[in-house]
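Please take these sequences and the hints and turn them into a complete structure.
In order, the protein sequence lines correspond to chains X and H.
Number 387 marks the last residue of the first sequence (my numbering); no jumps.
Number 173 marks the last residue of the second sequence (my numbering); no jumps.
Bear in mind the hints are in silico, worked out from the structure with no lab data behind them.
We treat Cβ as the ideally placed atom computed from N, Cα and C, and that holds for glycine.
There may be inaccurate statements among the hints.
[What the hints assert, rightly or not] Incomplete in silico selection of chain H near chain X, CB under 7 Å: (1) 20; (2) 26; (3) 35; (4) 39; (5) 62; (6) 64; (7) 65; (8) 100; (9) 146; (10) 149.
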Amino acid sequence: MIPMPDRVYLDNSATTAVAPEVLAAMRPYFDARYGNASSLHSFGREARQAVDESRAAMADALAARPEEIVFTSGATEADNLAILGSALARSGGGHILTSKIEHDAILRAVEWLKPMGFDVTLLDVDGTGRVAPGDVASAFRKDTFLVSIMAGNNEIGTREPIDEIGRLCHDRGVLFHTDAVQAVGKEMLSLENVDMLSASAHKLHGPKGVGFLYVRRGTRLAPLLHGGGHERGLRSGTENVPGIVGFAAALALAQAERVDVTSRMRRLRERLMTEVLKIPATRLNGHRAESLPHITNFSFAGIEGESLVMKLDEAGIAASTGSACSSPNLEPSHVLVAIGVPLSMAHGSLRISTGRDTTDADIDRLLEALPRVVAELRAMSPFKVGE
Amino acid sequence: MMYTEKVVEHFRHPHNMGKLANYSAVGRVGNILCGDVMWLYIRVEKDAQGRDIIADVSWETFGCTAAIATSSMVSDLAKGKTLEEAIGISNRDVADELGGLPPIKMHCSGLAADALNEAIYEYLTKEGRPIPAALQARHDHIQKDMATLEERYKVFLDRDATKGKPDEAPSCS
Numbered sequence: 001m002i003p004m005p006d007r008v009y010l011d012n013s014a015t016t017a018v019a020p021e022v023l024a025a026m027r028p029y030f031d032a033r034y035g036n037a038s039s040l041h042s043f044g045r046e047a048r049q050a051v052d053e054s055r056a057a058m059a060d061a062l063a064a065r066p067e068e069i070v071f072t073s074g075a076t077e078a079d080n081l082a083i084l085g086s087a088l089a090r091s092g093g094g095h096i097l098t099s100k101i102e103h104d105a106i107l108r109a110v111e112w113l114k115p116m117g118f119d120v121t122l123l124d125v126d127g128t129g130r131v132a133p134g135d136v137a138s139a140f141r142k143d144t145f146l147v148s149i150m151a152g153n154n155e156i157g158t159r160e161p162i163d164e165i166g167r168l169c170h171d172r173g174v175l176f177h178t179d180a181v182q183a184v185g186k187e188m189l190s191l192e193n194v195d196m197l198s199a200s201a202h203k204l205h206g207p208k209g210v211g212f213l214y215v216r217r218g219t220r221l222a223p224l225l226h227g228g229g230h231e232r233g234l235r236s237g238t239e240n241v242p243g244i245v246g247f248a249a250a251l252a253l254a255q256a257e258r259v260d261v262t263s264r265m266r267r268l269r270e271r272l273m274t275e276v277l278k279i280p281a282t283r284l285n286g287h288r289a290e291s292l293p294h295i296t297n298f299s300f301a302g303i304e305g306e307s308l309v310m311k312l313d314e315a316g317i318a319a320s321t322g323s324a325c326s327s328p329n330l331e332p333s334h335v336l337v338a339i340g341v342p343l344s345m346a347h348g349s350l351r352i353s354t355g356r357d358t359t360d361a362d363i364d365r366l367l368e369a370l371p372r373v374v375a376e377l378r379a380m381s382p383f384k385v386g387e
Numbered sequence: 001m002m003y004t005e006k007v008v009e010h011f012r013h014p015h016n017m018g019k020l021a022n023y024s025a026v027g028r029v030g031n032i033l034c035g036d037v038m039w040l041y042i043r044v045e046k047d048a049q050g051r052d053i054i055a056d057v058s059w060e061t062f063g064c065t066a067a068i069a070t071s072s073m074v075s076d077l078a079k080g081k082t083l084e085e086a087i088g089i090s091n092r093d094v095a096d097e098l099g100g101l102p103p104i105k106m107h108c109s110g111l112a113a114d115a116l117n118e119a120i121y122e123y124l125t126k127e128g129r130p131i132p133a134a135l136q137a138r139h140d141h142i143q144k145d146m147a148t149l150e151e152r153y154k155v156f157l158d159r160d161a162t163k164g165k166p167d168e169a170p171s172c173s
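Structure below.
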């Protein structure tokens, strides 16, 4: 790869750069303190101590107990453990409630359970992507045992009313899980009404390959991975010690700078909404206010998202599309379809997601390039916007 | 997913883009629901030997990088060809000239070749000329596919998302 120092990265909801502090914390656990945390000798004890301390610090940050944090390979595994683990811990089937805009790690997991005697209801969302707590309440069945609603959507950024939904679940004795991958470190999350919460390190300037599932004490879960009985039997497999240390460092960093970073993100998001919507035939996908601070999603009539991402890439700007031209069946994003984006616009979406390092100058670069590339692509399109 | 340099080059600097003035016929294929629509314009003239040739060609495309690159490539391939030669241009020719396409993008080359087919079909129909059997067969196939797709997409959009597996969703290819 040719180094391109003047590139602008606006795809932080896909993944983030590992922060220097995080990398520094991880380094010794690759080649100096490389022990297996299960070993009895001093190498092992060093690793165990690092895992224990990381777990304790993270639990503290979340107002949880250390034994309630189950480290996984990432959020996909955490989501699967929550959904499949709670289903498989039951005898017989039951009913699961989730929404139409969940991540595929949830949607595919509940789908997989169907032939095993589980029923699934996918709740609608409103035009901004919000799940109505009333819809959750009216969808409860006698056999509903699990509700899973994300804390904030990864494509459009909309925040969900998880406190209220969690309370409804607890009133009925139903487990509540939330995929908080995009929200951890950015939102103040209360675990008061949450039984399970999924998180991933690489979304908050930590390393890839490590996540966790918070599991409230007393929650019955069946493990998906069987072996040496790590993570209190819930997740066998040698602990990813550098990853866990990195995750703890990333979470600590995110907590320490949360107010500064998220207020900057909110300001940049306001700028984006004001400026990008000046481009004709453009819409905001999501909610203006009830949103995670770092994700903004737009649709541009008459053009297709992948082309737009490619054109921006040429201009040195990395963003992404919710459009599914990259998926084998080419259907538009399930999230955009669920919020009722007209199909003529659902393919022309652009997701801009900021990180802790994103500056006004980065947004300036985008705002300079975007109207130009939108116009270029519209000139190629048979759908003449505004004619 | 990686595109060849040739695909990226055609995407960045597409040839024959826009709507042709004085076009003889247009082929319209694709479906906005699938994320790609291609309109291909041709101007047919007689050459010195009195043969029908595609004197000029252009296109307007809504679609991904591959859709735009294949539009550009099919226009290059068709330009200056006799109608008979142009009918012979296949989706494989378009993809090969671009140095290949990622597997999930192969349908884009099909779309480009289809658009050319449909433009020639419209031209011959307008002129009241006989339609070669191969062109007719391909036209019927394209039209049937587009109708099926629209029908299947309706089902997809109306369906309760809890019914049907994600991989039962319609394929646009």
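### Message
So, against the hints stated earlier in the document, which numbers end up violated here?
### Response
1, 2, 8, 9 and 10
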